[in-house]
Amino acid sequence: MISKKKMIEKASEDTVILVLEDEQPLLDVIRIKLEKSGYEVITARSVEQALDYVKSLPHIHAMWVDHYLLGNEDALDFVKQVKKKNGKWADVPVLVVSNTVSDDKISAYLSMGVNKFYIKAQHTLDEIVGDLKKCIDDPEHCPVAQDNN
Amino acid sequence: MMTRLHNISVRSQLIFGFGLVSVIILLFGLYAYFSIKDIQKINAEIEMHVTEQATAAEISRDVHESLSAIDRFVLTGDPQYSRLATQTDLRVSANTNVLVSMMGNDLIVQQIETYVGLLSDRSGLSRQIIVAVEGGDSDGQAADLVARIRMIDDQIVPAVNRILEITYVDIEKRQRDIDFIFSSSLEFLAGIVAVVLVLLSFVMIALRRSIMRPLHELTDVADKLSHGEFDIVIPVYAKDEIGLLSQTFDVMRNKLRESYASLTKEVAYKTKQTTEALARLKDKNQKLQDTKLAMLNLLEDLNEEKNVIEGEKAKDEAILSSLGEGLVVTDMQRRVRLVNNSACTITGYRPDEVTGQLWPNIMKPTDENGIPIAEEQFLTLKVFKDNETLQTRYFYTHKGGQIIPVSVTASVMKIGDRAVGGVVVFRDIAKEYEVDKSKTEFVSLASHQLRTPLSTINWYTEMLLSGDAGQISEPQRKYLNEIYAGNHRMVDLVNALLNVSRIEMGTFMVSPQLQDISKFVNDVVSDVLVLAKKKDIQLTVNGNEKGIPMMLDGKLLRIVVENLLSNAIKYSSQGGSIEIGVVQRGKKEQGGVVRITVADSGYGIPESQQHQIFTKLFRADNVVKMDTEGTGLGLYIVKSIVDHVGGTVWFESVENEGTTFFVELPLSGMKEKKGTKSLT
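From first to last, the protein sequence lines stand for chains A and B.
Going by the numbering used here, 71 is the number at position 71 of the first sequence; the sequence numbering is gapless.
Going by the numbering used here, 6 is the number at position 6 of the second sequence; the sequence numbering is gapless.
Certain hints may be false.
[Said to hold, decoys possible] Cross-link-like lysine to aspartate or glutamate pairs, in silico, EDC-like; alpha carbons within 16 Å at most:
id : chain 1 : residue 1 : chain 2 : residue 2
1  : A       : 36        : B       : 536
2  : B       : 437       : A       : 103
3  : B       : 674       : A       : 28
4  : B       : 673       : A       : 103
5  : B       : 674       : A       : 103
6  : A       : 36        : B       : 462
7  : B       : 437       : A       : 104
8  : B       : 555       : A       : 104
[To be verified] Residues from chain B that keep clear of chain A, each with C-beta distances beyond 12 Å, as calculated:
id : residue
9  : 31
10 : 93
11 : 298
12 : 315
13 : 317
14 : 377
It is worth saying that the hints were derived from the structure and are not from the lab.
In this text the structure is predicted, and so the values were computed from the model without any measurement.
Idealized CB from N, CA, C, for every residue including glycine.
Isolated chain B, as found in the complex (with noise of 0.2 Å):
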């Protein structure tokens, strides 16, 4: 049979045994309903008797007050009682009807019916009675009808009784039944009960023997193939679930015996290319920590750097207010950024009133009378026109209405090659420009005051020397000749000591005009010609032929090339040779430049004192000696004129061989330059 059953399904197995549990417990319950059903049949015939007792009991009751209501009123006459007597009558004969039909036993029926018959003469009597005692029963007749009443009652009571005592066994013997139709049930139950757990343990058996041991074993099996032993036996069962289970466990078994050797050799790749990334991570890690550490230094200098920054911006602050120059910072449209402490000072303006503010707006540049100069003369308009430093001097007006000069300097503030603002410095030249003007009247009385005398001299000597105050001797020519030359080193002197206390004043004019400079440095050298030949010496002009016209300040130029020209006819030897050169070098677009150069074939200049050659009042040992008319001044002035007009100057010589000076003025010409005076 266990063989037999291994081969049913499991899911049969317990619908099965569910199957049987239900159709016994079916059948209980059937069982169940019919018993009840009998139950309560017997009831409702208990319940019937126990009607039939009561009624039986009300009707024996209303005889015994109906006897006494008769006697009642056969005594007193009292119509009251003859009414209570009637009502009682027919209660009992209307509870008669009810018994008699609810007794459907033979035995009592026999009985009902005599008593039916008794009861219906007793109420016949009553009626008599009362008719009689109405009729006022002169004949006694009531007394003899309440005794034949009273012999009725005496059998009624007796039957009602015997009633009674039949309906108390019946239901007894009902009773009984009900009693054992619940034992018997009990019993029932118990058996079916007892079925069940025979049914139920042999049920659970049969599982634990086909499916709960292979279940087990089979747990076991995936336990163990849960930790890797591929290699175990799987038990092999019936055909039945299990069956299936062990063998899909096979299966499974040797899937998982493949995956897991693929997922070894998977899990070894992973696992060594796991290792390289760590390793990589490593050294990554290990290169993040040198670079944290590199940068914690780079941090700590930075700190440092900011620190000395921080310092340097105090500082520069503490430069900035405590500079006398005004200074003002503006931005690229000219509105001001930065005011220093002395810009307000100078212009009486608070530095609040003043930021954010156009700076060509507050301080409108003037000329001394208080008029508003052309707004293309503003130096911060030029400045970033121009892209370079620029100064210059005009008038400011005070917030309180003065108008002072001032020195202004302004320049483009970059920070790279990129322009962002502008500075502005300037103070105030009050003072200076008051020195100034009695400078300038001065350095005119006195150019007036010598030159005067020095032309009386001059023009006398000259009167003298030409006969017209009558002709003079040899000798009195000779020395008058001396007078007029060194008259005329006098004359030279000053004119080169008001032109150093010019250029010393920093104010010297340029006002450049377009003119030919290969030209002009030609007419220059003409003017010298009567000088040179007086040496024999040979002066040769390599000029341009087409002309290089540029903007030159004729002026300035002619003294440089005229001190040039005359220093190296000066000290060169009797028949020596210049040669001047003008050459014109690079475009003036890629800042070209034109070169003048003035060669001699003199004495040269020692080399230890070439230096000093440019500095002011100094003269070479070796022309001193021989030449006592220089100034020391021609050379200093040279230089200066050259570096205010944006040009270059430097020479070459050898001591005995000759001097070649060079002097290099961009093509792009001088620029303009306001000032106080001109050169003469």
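Okay, chain A solo, but in the shape it has when bound (with noise of 0.2 Å):
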């Protein structure tokens, strides 16, 4: 396991990217497919450990969020906290992918201004993380998350 603090001094001269997901295994899987791909990675579990790191990064990229977290939380009072108006992330992308396929928490995400809402099992790792690498490179070809469904 890395530090906090040794995470957060990497984080201030890379590209910081907030991976937030319960599966432990998951969570593995995502943070080498990031860090392979050049990213440097912080990685919660809870959205208390998140909002943690939020509050302490100078700066983040982008955010990779899963809707079951551990604790009583789950990520959508984690993205109401970063997408407050006027708020310090409220610019930065968010991309969701989950398993969970309530429409009406979907629905809450992208309204809340979520990039893009993805199954999980539908979706490639190359896939998520080629959507991340364009939202961060060239913010012009991110998906705009449209609530039509």
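From these two lone chains plus the hints, build me the complex, please.
If you want it as structure tokens, here you go:
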């Protein structure tokens, strides 16, 4: 495990992506994939943990968020905080990658300004990382959520 | 004379006859008048005589009285008697004067004159006596004087008697005159009566001969005429009224004969007409009888029908009241006309509390927190607008305040084409709602729980395959690919199962948005290009270049088109071809549709199994042998969705030649439907 402090130090130099995922194996594979793609990855398994990073990190370039998390809060609570009007991170691209299919939740995410909602099992890591790359390098082509479902 | 009489009119004859009788009666009247006058005169004379007699008798009596008074005076010297004598004397002389004036007869006058002289002597003597007595009658002169009076009286009485006698004789004579007048009058009257009778009988005879007989004859004639005998001889009479009458009869006879002839003709004609009319009437009557019979039969039928209907009605009522669902019938203003028992049980209201009330006011649809939903979402309102049966779920508030989840179906009640009211059927789905809720939770949990390990397998396999964990050998790559593909099928299967479970709950939502269906199908096609390429299958799209914008739920339509396309690819052999078409048929206003066709040149569906193709978990024999990947759920989902959004789906297929699937959606688009979940 890399210590928090070390993570933050590293993050100050590179392109930072915050990954929020409760399932450890998935968190690992995501992190590995992103690191292999050249990103600095900050991982968290609970909202509390994530909000802690959000407060302390100087910059975050994108967020990868799963709905169900450890603890009592889910990612909706987190996104609500992050996407607060005029907040520090309001303009950071957020991709929600979850297996949850509840429509009202999907709608809630999209209405809060999340860029895209992925059903985890139906997308490859390549696809999602590709989209993320677009959002960071070429914001013009970052998916923009359309709440048409 | 008779002949002459015949020429005189009957009227004149009658006037003459009655005139004669009248003159005779007048004459008799005159005679009677004069006779009565005579009798009156005679009577007056008789009366006078009677008076004379009475006066004479009075005189006679007074003389006698006067004498006796004098006598007594002389004897008594009482002046009472002298006064009496004087009074009596005065009366005698007055009566005498009366008598004298009455008696006109010479003979009697002579006697009366004598009589008067005597009387005046007598009163002179009386006065002398009175004087003498008053003077004391010293010389007895009074007695002497009385003797003289007595002498005079002896002469007077006979004279008076004589007068009486004469008058008696005269009276008798007068009475005889009267008798004569009476008897002669009677005779005269008898004569007249006889004459009148003779005259009358004469007139009667004459009338009989001149009037009655002809009248009788004419009566006979008239009688015969009345029986239609027009050829009788009408007797001719003189030129009086009867003659005229007989002539008139003749004229009348001729006229009658004519009119009778024409009448006979007329009657014959009329009779004929009447007979015909009667025949027609009979005919009509027959027809009416037939109609009546038919009506009776009809009535009987109607009665039976009525009984049947009443039975049906009773059955309907029984059904309504035993229905587990709440049922409310409203009029076009949505006022409650009828509620059944279940409706009351569910809502807590009694029928009399709701009947006549506005249903949406009593049962205000709300969301699960009791917040009223927008009125345009009220089913009872929408149903009248859309004019079709609609179904939804929302919440009612029980009379006691509890919020009840209900499944509501509303439809328009029509008689012929005319809407007359609405029917709302609802049931308490509290249990279902709970089940539904937990099922939703289960589905969402299952989807998460099943997919999470699948995702793990997915991504790690992906990492291995991409060489992120070091180079892998060719056999390793091959095996990993199998794992990867198998895992994908697993993901698909989980998705399909989740969709089926939602479809079977019947609650999946339809959220249409305006989009171009042609472009939409193109997009789905490009998503499967990779798949097609793998089997070297040619995909051709004949879209509508202008585009067909309509209301579509993209998610649902994607599932439909994706399924059809992936089936077409899956069940086509290497190097086959698939044609996809999107065409508009008809205009939106006239119920036009969009037809999507997916035609492959694949294995086809065996004819014997074509009817099962949309059944859940069914897979045709021919493809089961070649391919184990299919879930048997795809076409079931396709059909469920297409039905749910108001479209139709069907296919044509020949084994080993290919299959064409057709999906038609109304141009008016998909209708929005509320549900608890969407499909994936």
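Checklist entry - For this structure, which hints from the list above don't hold up? => result The structure breaks hints 1 and 3; every other hint is satisfied.
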